[in-house]
Amino acid sequence: SNYCGFTKAKLVLVFDGFRTPGNPGSREDYHNINVAFTKDGETGDAYIERLADEIGKNYSVRVVTSDNLIRLSALRSGVLRASSKEFAAELEWTLGQIDAILKKTNQDAHKTRVKDGKG
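Residue numbers (this note's numbering): 195 to 313.
Please note that a few of the clues may not be correct.
[Stated by the list, open to error] Ranges between beta-carbon positions, derived for each pair:
1. 227 with 252: 14 to 22 angstroms
2. 304 with 279: 19 to 27 angstroms
3. 250 with 297: 40 to 48 angstroms
[What the hints assert, rightly or not] Simulated pairs of lysine-lysine, DSSO-like, Cα-Cα distance not exceeding 30 angstroms:
4. 233 with 297
5. 305 with 251
6. 251 with 204
7. 251 with 279
8. 279 with 297
9. 204 with 233
10. 233 with 305
11. 279 with 298
12. 233 with 251
13. 279 with 204
14. 233 with 298
15. 233 with 279
16. 298 with 251
17. 202 with 233
18. 305 with 204
In case anyone wonders, no lab produced these hints; they're calculated from the structure.
Beta carbons are placed, not taken as given, at the ideal position from N, Cα and C, and that holds for glycine.
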């Protein structure tokens, strides 16, 4: 959620409900993340492939997976792809940037309060 807020990226998180008998699947928003639970009989991979095909060629879209077949499918659809490890590193870097901004903001706020005599 923090990553999405900072980068302004739209994130779709897919959970595989393939072998969950009677599962109708669902879509919901959690903070600023779109969460998809696939229905019984539908794999998360199939959902991701279909979504990438629907989006079509778009280099501002990335599929994050370490599954080589899904990465190949994303390439065919014309979207970018990243491994889970690459995305984890990007996520850590982004969270570090957020942390640095918050620390600087807190330090600056403290300096202002001390300067104003309200510290």
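Checked hints:
1. A C-beta distance of roughly 19 angstroms is found between residue 227 and residue 252, which places it inside the suggested range of 14 to 22 angstroms.
2. Between residue 304 and residue 279 the Cβ separation comes to about 38 angstroms, which falls outside the hinted range of 19 to 27 angstroms.
3. The hinted range of 40 to 48 angstroms is satisfied by residue 250 and residue 297, whose Cβ atoms lie roughly 41 angstroms apart.
4. Only pairs whose Cα atoms come within 30 angstroms are accepted, and residue 233 paired with residue 297 is rejected, the gap being roughly 43 angstroms.
5. Restraint check for residue 305 and residue 251: the C-alpha separation of about 49 angstroms exceeds 30 angstroms, so the hint is violated.
6. A hinted pair counts as satisfied when its Cα atoms are at most 30 angstroms apart, and residue 251 with residue 204 qualifies at roughly 17 angstroms.
7. Pair hint residue 251 plus residue 279 holds up; C-alpha atoms about 24 angstroms apart against a cutoff of 30 angstroms.
8. Our distance criterion of 30 angstroms between C-alpha atoms is met by residue 279 and residue 297, whose separation comes to about 27 angstroms.
9. Restraint check: the Cα-Cα separation between residue 204 and residue 233 comes to about 22 angstroms, which is no more than 30 angstroms; the hinted pair holds.
10. Distance check on the hinted pair: residue 233 and residue 305 sit about 54 angstroms apart at the alpha-carbon level, beyond 30 angstroms; violated.
11. Between residue 279 and residue 298 the alpha-carbon distance is near 29 angstroms, which keeps this suggested pair within the 30 angstroms criterion.
12. At roughly 26 angstroms between alpha-carbon atoms, residue 233 and residue 251 fall within 30 angstroms of each other, so this suggested pair holds.
13. Between the alpha carbons of residue 279 and residue 204 the distance comes to roughly 19 angstroms, so the proposed pair stays at or under 30 angstroms and holds.
14. A threshold of 30 angstroms between alpha carbons decides the hint, and for residue 233 with residue 298 the separation of about 45 angstroms lies outside it, so the pair is violated.
15. A hinted pair counts as satisfied when its Cα atoms are at most 30 angstroms apart, and residue 233 with residue 279 qualifies at roughly 27 angstroms.
16. Taking the CA atoms of residue 298 and residue 251, the gap is near 39 angstroms; set against the 30 angstroms cutoff, the hint is violated.
17. Restraint check for residue 202 and residue 233: satisfied, since their Cα atoms lie roughly 29 angstroms apart, inside the 30 angstroms limit.
18. A threshold of 30 angstroms between alpha carbons decides the hint, and for residue 305 with residue 204 the separation of about 36 angstroms lies outside it, so the pair is violated.
Violated hints, listed in ascending order, are 2, 4, 5, 10, 14, 16 and 18; each of the other numbered hints is respected by the structure.
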